[in-house]
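**Student:** With the hints as your guide, set chain B onto chain A.
What follows is the residue order along each chain.
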Amino acid sequence: MIGHQRKKLQTMGSGPVALLLIAPAFVLFTLFVVIPVIQAGYYSVFHWNGMGPASDFRGLGNFRQMTQHPVFATALQNNLVLIVVSLVVQLPLAFLLAMLVGRRSFPGVMIFRSIFFFPYVLAEIVTGIIWKFIYHPQVGVPTMLARLFGADGAQIGLLGEPNAAFSAILVVVVWKYLGFHMILYIAGLQGVSKDLEDAAVVDGASKLQVVRHVIIPSIRNTIVISVFLSVIGSLNIFDVVWALGQGGPVHSTETLVTYLYNFGFRRFAFGYGSAVAVVIFLLSFAFNFLYQRFIVREQTNG
Amino acid sequence: MRTLSRNLGFMLVLLLVAMMLPAGGSQEDTADQGVTITWWALSSGGGDQSRQQLREQVIADYEAEHPDVTIELTMLENEAFKQKVQVAVQGGDPPDIFHSWGGGVMVEYAQAGMLRDITDYVENNLADRIGSGALGVYGYDGHYYGAPYDMGAFGIWYNKAIFEEAGVEVPATWSELLDAVQAIKDAGYIPIALGAGDRWPAHHWWAYLATRIGGEAAFTAAYDGSGSFADEPFVRAGEMMLQLADLDPFQAGYLGATYDDAAAFMGNGQAAMQLMGQWNPAVIAANSTSGNGIGDDLGWFPFPMVSGGAGDPNDVLGGGNGYVIGANAPDEALDFLNFFLQAKYNEELVDVEGIIPVVDGAQEALANNPYSQRIAEAVAQADYFQLYYDQYLPPAVGEAVKDAVVALLAGNLTPAECAQMVDEAWRNN
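So the protein sequences, as listed, match chains A and B. When we follow our numbering, the leftmost residue of the first sequence carries the number 87, and every step to the right adds one. When we follow our numbering, the leftmost residue of the second sequence carries the number 24, and every step to the right adds one.
Hints are computed from structural coordinates only; laboratory data are not their basis. Fair warning: there could be bad hints in the mix.
[Said to hold, decoys possible] The calculated lysine-lysine pairs, modelled on DSS-like cross-linking and capped at a C-alpha distance of 27 Å, are: (1) B:Lys105 with A:Lys218; (2) A:Lys293 with A:Lys280; (3) B:Lys183 with B:Lys208; (4) B:Lys208 with A:Lys218.
One chain only, chain A, in its complex shape:
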């Protein structure tokens, strides 16, 4: 039966029918991914204001300029911090929540799941507006807390403090995407064999040991996907950061993509912007490649 199916698939997988089937995807991918990437690569070696043909060749000058620009370093650093926070705080928290509300049924469990998932459903810009209120210097939560603990007349505007603004944004990002990863883990947990868990308990494993040696290995696939999406998402983050302060104050919350927008689009420096895009693309591509090569591959072999 299986052999027969495979044979059929193979006949379908070659020749004109296959060509027909992949044609739409191929055309779209070429038009909207391959060609723009090649174009960005081309423009990245020019000084170009976006109008008329690019003619002022700079070689690798744009890339050199980037390495010398402190704001680019800030942006890169912020992206790295975001990746670390996602992996070290967000994903474990999502896993914990999934363990709490995803494995057993108790009254109101669906309400909890919905509450945690809700932020993910919100549009990024809406999230930004909501959190601008939460952080509002006069009526926001930090200000109210400070006043509650006796600091009369205190006004705390985290988004206006260059030293604190990015941390404030990290909270929002964790809050926003926590639910998404929680749902991934809940789905993964459905597939964990109850028998295996029971067997471990019978063998005298503690709860922690069951999590460590049974549950986590069983949902490895889910974790691999969750980590991948988290890192790629962190590298390309834009909307939430933009809505909360456009990369400011004084560029302290700049990420690679807001940097591209601020120093490419806003300044009509499309050659330079393209160079930044190329760097973002290469970083994402390199991560993708290494991850597929070493993590995903290992998984299929194992």
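**Tutor:** Showing chain B alone in chain A's frame:
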């Protein structure tokens, strides 16, 4: 068989590609039936339809007189407009008539050959009813590319009730302003509302100080290369701005606040002053809790003079709104712009858009609007009209000014470094 279906697949790919290409040539079919003019204008955002309604009325009036002309109006919100027009211009297909603030961005478009040179038309048809100062914002190097319908001045909006309570008079000099700030602070109010998160509201403080300290000469010297933006007046502007910042005059978290946030402090009667353009009263009202702002308590005074400064106290930093003509626009577009710029419509725009009219005969519309009248007088009396730095200078330099001034306020740059950063951007441009 195999080749046949392979060819079939190939043809399908071709078909898909063909479908995605824009259909060319269809425009020519309609050419015999008349002329179509595309017009991109700014909406106020926030769902207010009055700007669009007024423009639709103008179009209807014009089309009634010219049945062979069709005008397609597109209303866009500020940021959406900037992006959309940038894409259109870069694609080599600018709209026939579109919004412009004049200055650096306009010059960049003109140099790329994307705007139509309408110098003769402006001189023959518009120069007799629009002042040369306002018109000049839409000119460069002796050529005109458009014309304004609004030209105003930045100045300080203030809350008269707070001034009275704090016992301060309208400051005429910078040191009086500093004293007023201290007195208002002591009275328990926010002296100055500032949306430094948007950056542009902050850079006007620095630019106005530089205008007062160095006057036309300093800016012209920096602009034509005989001097530079790192010269003493621009450094001094930074120093004086820090004098102000050292008094802690702005609301908490102002570095992360938007213009709207700052306007709310004015509209709710919590802040005493705000440096802003002619459109401010409507924005203050819209952002206030009551929706009405502070009513008659709102006042306006010109930016204080700096003692010993080379700039004349009457010099004005300002700007306005207008339209430029796309490179491929038909002659009818010029005729329509001329039609739009008649006193009747300019007068109506005063209420609809809060403009300061530029067309002769429309100024009467300001009769019952005391602060607009004062702004109009300030513009009219100015010997030297400095267009906003972030509009006048090329985009890369304008962005650098805004960045530098916010960094100065945040304590990341010294006044000298701030001026150098602007100078560097200017020289690299």
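**Student:** All the hints need checking, so say for each whether the structure fits it.
**Tutor:** Tested hints:
Taking the CA atoms of lysine 105 of chain B and lysine 218 of chain A, the gap is near 24 Å; set against the 27 Å cutoff, the hint holds. Distance restraint check for lysine 293 of chain A and lysine 280 of chain A: the Cα-Cα separation of roughly 14 Å lies within the 27 Å cut-off, and the hinted pair is therefore satisfied. At roughly 15 Å between alpha-carbon atoms, lysine 183 of chain B and lysine 208 of chain B fall within 27 Å of each other, so this suggested pair holds. Our distance criterion of 27 Å between C-alpha atoms is met by lysine 208 of chain B and lysine 218 of chain A, whose separation comes to about 26 Å.
Of the numbered hints listed earlier, not one is contradicted by the structure.
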